[in-house]
Amino acid sequence: MPASWAAASASSTSIAIDRSLGQGLTRQPLHDDERAAVVLADVEHADRVGVREPGRRPRFRLEAGAEVGPRREVGEQRLDRDRSTESAVDAVAHLSHATAAEQLPAFVPASDEVFSGLHGADGLPDREGRLPCPAMVDPAFADVVDAFETNFAELGDVGAAVAVSVEGRLVVDLWGGVADVATGRPWAEDTTALVYSTTKGLTAIVALLAWERGNLDVDAPVASVWPEFAVAGKEAITGRQLMSHQAGLAAFTDPVTVADLHPASAAAARLATQSPAWEPGSAHGYHAISYGWLVDELVFRATGRRVATTFADDVAGPLGLDAWIGLPPAQAHRVAALIEPRLSEPWVGGPPDHRVIALIEGLADPQSVTFRVFANPPMTTADFNSRETQAAGWPATGGIATARALAALYGELARNRVLSRETLDAASEPQVEGLDLTLRNRTSFGLGFALPSDVITYGPNGGFGHDGAGGSIAFADRSAQLGFAYIPNQMGNALGTDERARRLIDAVYKAL
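Just so it is clear: in the sequence shown, position 361 is 360 by numbering that gives the first Met the number 0, and no numbers are missing.
Derived by calculation from the structure, the hints in this document are not laboratory data.
From a predicted model like this one, the values you see are computed outputs, not experimental measurements.
Please note: incorrect hints may appear among the correct ones.
[Said to hold, decoys possible] Estimated spans, in silico, between C-beta atoms of each pair:
id, residue 1, residue 2, range
1, Pro-459, Ser-274, 40 to 48 Å
2, Leu-511, Phe-370, 38 to 46 Å
3, Asp-312, Ser-478, 29 to 37 Å
4, Trp-277, Gly-183, 45 to 53 Å
5, Pro-459, Asp-424, 14 to 22 Å
6, Pro-351, Asp-424, 31 to 39 Å
7, Glu-360, Gly-213, 40 to 48 Å
8, Gly-183, Gly-213, 47 to 55 Å
9, Pro-328, Ser-223, 35 to 43 Å
We put the beta carbon where it would ideally sit given N, CA and C, even for glycine.
Between the sequences and the hints, there should be enough to build the whole structure, so can you do that?
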């Protein structure tokens, strides 16, 4: 979902993949009126560097064997739902029906001939004699590689990663391009990216864990655990209404800055004093950033732990995931630099359509809910690139992860792990459907998860998950036991699922 519509900034650096040296990077000055661009090399001729000719596609050989991403079977166990709020939570006990970190599927390249043109030329060694990063793809999913390349060649991707887990097997794990245009740093295997509102799915998982464990009652008034909330007409608002964007607290009523919202408790305290913008439960409007602080404070009051802490200790840690809500300083060097969306052609991820136009009309009206949500506080991509904001870990928009980690997590959920089948059934049941007062489009939400709607698509089977501003998306499809994640650093122009993600999703389902 959109969080920034500021003008895209040009850069003075062009990145070229030097195929004659495998994966060397060269820097070339651009004229002031030129935009930074990723110059994709012609893979068929390793001695050439330049822009691929129109209509030409890179050459791939995919020969992964059965050992790529072996399936792991882990027995289901019942969670202990009777722990008291005061007692320490045993992460292992509560994740006993999830795959242990050491059992998570990992790719084993079947041969030196498994590769992607985004990572090097035809298996040539790099300057240090190492093979370039291979294309981590089960042969059945070769079309995903093709779609991934198309995103760079035709849809404006600069740096990105996509990953897919099916039945516990990581069948796709691709990354490529440039992580930081200013420095020329390439997108590497361990590159992470800030995923904006895709974070909301992670926060929802933590709240649902608290509910499943019996520490949080989503149907009780929020004020039962957060007494300060019981003012200004909010006495009857429930956790269920908070998690499904029905509370009427989508925007701050007083002007705020980004700095005013650190730490999380400060943002929550502001929201606790406000009156709802509409009668809670009578309508829904996307709580773009306030969702995180509201749910975080609810979880904290019910369990004694912040969402970021619970996610790290009880989800990401036990599963061995490179995913954080609140980035540790030691991980800062891995984060891709976000690039502002373009406000003119060539569009990224497709041109603005009627859905975007409806949103922009709201942004043009200072009295609208839309304007008040996205203009207060004023935010730019630079704010989300700042180490301070990344470390603060906004629980609605500040998550940082690899695509591999998100696909693995949603792949676990798709097999009724991490959360029980009953909890996931309830969480993926629509709580609201219809016109969204913030986004001015028809949306649907479950308990924290975004559901398929006019704005979001998860493929032909539906599913649950969340998308983020600029193009990131992660979801689970339980019918196919599939987890999918895509994360770019070049922000797109679409509202919801843009063409880059759609093409990747279509290619995945074509292979099933």
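Hints and how they fare:
Hint check: Pro-459 to Ser-274, Cβ distance near 42 Å, so the stated range 40 to 48 Å holds. Taking the beta carbon of each, Leu-511 and Phe-370 are about 42 Å apart, inside 38 to 46 Å as hinted. Checked against the hint of 29 to 37 Å, the C-beta distance between Asp-312 and Ser-478 comes to roughly 31 Å, which is consistent with it. Restraint check, Trp-277 to Gly-183: a C-beta distance of roughly 48 Å satisfies the suggested window 45 to 53 Å.
Judged by the Cβ atoms, the range 14 to 22 Å given for Pro-459 and Asp-424 holds: they are separated by roughly 20 Å. About 36 Å separates the C-beta atoms of Pro-351 and Asp-424, a value consistent with the hinted range of 31 to 39 Å. At roughly 45 Å, the beta carbons of Glu-360 and Gly-213 sit within the given window of 40 to 48 Å. At roughly 51 Å, the beta carbons of Gly-183 and Gly-213 sit within the given window of 47 to 55 Å.
Taking 35 to 43 Å as the suggested C-beta distance range, the pair Pro-328 and Ser-223 conforms, at roughly 37 Å.
Violation of the numbered hints given earlier is absent; every hint is satisfied by the structure.
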